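Chains A and B are the protein sequences, given in the same order.
Here our numbering runs 409 ahead of the position in the first sequence, where the first position is 1.
Here our numbering runs 121 ahead of the position in the second sequence, where the first position is 1.
Hints in this document: simulated from the structure, not taken from any laboratory.
Please read these numbers as outputs of a predicted model, since none were measured by experiment.
Possibly wrong hints are sitting among the right ones.
Simulated restraints on C-beta separations [unchecked claim]: (1) Ala507/A to Phe135/B: 40 to 50 Å; (2) Lys178/B to Gln426/A: 39 to 49 Å; (3) Asp213/B to Asp493/A: 17 to 27 Å; (4) Arg124/B to Arg472/A: 21 to 31 Å.
Which residues of chain A face chain B? A partial, calculated answer using Cβ under 10 Å [claimed, not checked]: (5) Val413; (6) Pro417; (7) Tyr444; (8) Pro452; (9) Gln453; (10) Phe456; (11) Asn464; (12) Phe473; (13) Thr513; (14) Phe516; (15) Pro518.
Backbone N, C-alpha and C fix where the C-beta goes; we use that ideal spot for every residue, glycine too.
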Amino acid sequence: ETGVTQSPTHLIKTRGQQVTLRCSSQSGHNTVSWYQQALGQGPQFIFQYYREEENGRGNFPPRFSGLQFPNYSSELNVNALELDDSALYLCASSLFLAGEGTDTQYFGPGTRLTVL
Amino acid sequence: AQRVTQPEKLLSVFKGAPVELKCNYSYSGSPELFWYVQYSRQRLQLLLRHISRESIKGFTADLNKGETSFHLKKPFAQEEDSAMYYCGATTDKLIFGTGTRLQVFP
Numbered sequence: 410e411t412g413v414t415q416s417p418t419h420l421i422k423t424r425g426q427q428v429t430l431r432c433s434s435q436s437g438h439n440t441v442s443w444y445q446q447a448l449g450q451g452p453q454f455i456f457q458y459y460r461e462e463e464n465g466r467g468n469f470p471p472r473f474s475g476l477q478f479p480n481y482s483s484e485l486n487v488n489a490l491e492l493d494d495s496a497l498y499l500c501a502s503s504l505f506l507a508g509e510g511t512d513t514q515y516f517g518p519g520t521r522l523t524v525l
Numbered sequence: 122a123q124r125v126t127q128p129e130k131l132l133s134v135f136k137g138a139p140v141e142l143k144c145n146y147s148y149s150g151s152p153e154l155f156w157y158v159q160y161s162r163q164r165l166q167l168l169l170r171h172i173s174r175e176s177i178k179g180f181t182a183d184l185n186k187g188e189t190s191f192h193l194k195k196p197f198a199q200e201e202d203s204a205m206y207y208c209g210a211t212t213d214k215l216i217f218g219t220g221t222r223l224q225v226f227p
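Next comes chain A alone, as it looks inside the complex:
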């Protein structure tokens, strides 16, 4: 069983730039969720993807967008980067079954984004 992987591990960008973070879900999982974890805070839900469509979104502006691919991997895109976007970005995969809801989420190691 392959766990959740994320790339890159670290990234440095400047204000106004755009960034793409990648996540490969655990085998057998069909749902991917993205979280932002600022220093000293708990993970904050950004959005979730299921069947290649956004399936729930937290309190984040539209410049945070995502994709899910047929193999269930996912990307998080952030446009017009701001200094406050500096954080650890976590991806989590899970299995959603209709009528049963979403099972436990399994987290990746995260991508550390620094915006200068």
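Start from chain A and add chain B according to the hints.
Only chain B this time, still in chain A's reference frame:
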């Protein structure tokens, strides 16, 4: 608004002492409750969830709907329990508290 509160940023105990990490939630409906743990240099991982009613690594958590609490307990702390602990709740999206750092001294 949906909210998970962990009032303690840091909890320090000696090995063998009892531990209780507090978690309160504010939710409409009946959320599912979780505890996640993050050991040093490791990824966030599930410790336990209330629906399974398991005891993992000696930890238990009881859901108290009247007090809207889901406190994590262990009767005898071990040094290897030192970690960040996050309480989470979900009806559709998983919301975390700010976390409590548990330090267990020898």
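These are the hints, each one checked on the structure:
1. Ala507/A to Phe135/B: 40 to 50 Å: holds (49 Å)
2. Lys178/B to Gln426/A: 39 to 49 Å: Once the Cβ atoms are compared, 42 Å apart, the range 39 to 49 Å for Gln426/A and Lys178/B holds.
3. Asp213/B to Asp493/A: 17 to 27 Å: Cβ of Asp213/B to Cβ of Asp493/A: about 26 Å, so the range 17 to 27 Å holds.
4. Arg124/B to Arg472/A: 21 to 31 Å: holds (25 Å)
5. Val413: Where the cut-off is 10 Å and the nearest Cβ of chain B is about 8 Å from Val413/A, the hint holds.
6. Pro417: Since chain B brings no Cβ nearer than about 16 Å to Pro417/A, farther than 10 Å, the hint is violated.
7. Tyr444: holds (8 Å)
8. Pro452: Hint on Pro452/A: holds, closest Cβ of chain B at ~5 Å, below 10 Å.
9. Gln453: This interface hint holds because 8 Å falls under the 10 Å limit.
10. Phe456: holds (9 Å)
11. Asn464: For Asn464/A, the interface hint holds, since the closest Cβ of chain B sits about 9 Å away, which is under 10 Å.
12. Phe473: violated (14 Å)
13. Thr513: holds (5 Å)
14. Phe516: holds (4 Å)
15. Pro518: Holds, about 5 Å.
Of the numbered hints stated above, those contradicted by the structure are hints 6, 12, listed in ascending order.
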